[in-house]
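Engineer: Given chain W, put chain Y in place with the hints provided.
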Amino acid sequence: AQKITQTQPGMFVQEKEAVTLDCTYDTSDPSYGLFWYKQPSSGEMIFLIYQGSYDQQNATEGRYSLNFQKARKSANLVISASQLGDSAMYFCAMRERGNNRLAFGKGNQVVVIP
Amino acid sequence: GAGVSQSPSNKVTEKGKDVELRCDPISGHTALYWYRQSLGQGLEFLIYFQGNSAPDKSGLPSDRFSAERTGGSVSTLTIQRTQQEDSAVYLCASSHRDLIANYGYTFGSGTRLTVV
Chain W
5 AQKITQTQPG
15 MFVQEKEAVT
25 LDCTYDTSDP
35 SYGLFWYKQP
45 SSGEMIFLIY
55 QGSYDQQNAT
65 EGRYSLNFQK
75 ARKSANLVIS
85 ASQLGDSAMY
95 FCAMRERGNN
105 RLAFGKGNQV
115 VVIP
Chain Y
3 GAGVSQSPSN
13 KVTEKGKDVE
23 LRCDPISGHT
33 ALYWYRQSLG
43 QGLEFLIYFQ
53 GNSAPDKSGL
63 PSDRFSAERT
73 GGSVSTLTIQ
83 RTQQEDSAVY
93 LCASSHRDLI
103 ANYGYTFGSG
113 TRLTVV
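Residue numbers (the working numbering), protein chains in the order written: chain W, 5 to 118; chain Y, 3 to 118.
For reference, chain W alone in the conformation it holds in the complex:
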């Protein structure tokens, strides 16, 4: 069964605007972690932000913030003040307790236009 769902089609966003990338997850484990990665056209995977299931506050890292809604099992990524360099694929991933693997979604394509 799919654990991470990212269903948005490719997105175009104007430079300097904010964009929200949707991610929903499925787990019965009360302890888990959620991650977002960026994959530019060069192919490397770049870690952006982490949210733990017991964290009381939404995670933030610079222009990245995670809108964590535990009851809805959603962990949307918000990129504020988009830059041209933000054009990339973005992957949501989850790690469940006692499991060292990350389960990845299929990604969201973002293109920032000037």
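Just so you know, the hints here were simulated from the structure itself, not pulled from any lab data. Among these hints, one or two may not hold up.
What the hints assert, rightly or not - Computed Cβ-Cβ distance ranges for the label pairs, DEER-style: (1) Y:D20 to W:E21: 46 to 56 Å; (2) Y:Q86 to W:D59: 22 to 32 Å; (3) W:R67 to Y:R66: 42 to 52 Å.
For every residue, glycine included, the Cβ atom is placed at its ideal position computed from N, Cα and C.
Structural biologist: Structure of chain Y alone, referenced to chain W:
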């Protein structure tokens, strides 16, 4: 090294041949992971190493796939008798101890394998 290094960056091979993909993790990272990314897809877990042992190899798709890690450092992923469906980008990642919150993995740039 400063990052996770993978070689070769690109590999084209004929169907039926064996290939070896190499991963050199960040020094001191005891955990090492192999993932596969097919065109337009997310990442598919293959195998996890802690030190030289592989406590989770459940993601290897068939017995044509094997991996080893020696000296708690370099890992080699071997695909025997390659098939066209093996064409993908193979990504290696490492992390300190097991996957610790706030760090995620550090990924290499991947090996793009094309089976013709």
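Engineer: All hints are to be evaluated individually against the structure, with a verdict given for each.
Structural biologist: Hint check:
1. Y:D20 to W:E21: 46 to 56 Å: At 49 Å between Cβs, range holds.
2. Y:Q86 to W:D59: 22 to 32 Å: violated, 44 Å
3. W:R67 to Y:R66: 42 to 52 Å: Holds - the Cβ-Cβ distance for W:R67 and Y:R66, about 43 Å, lies within 42 to 52 Å.
Violated hint: 2 only; the structure is consistent with all others.
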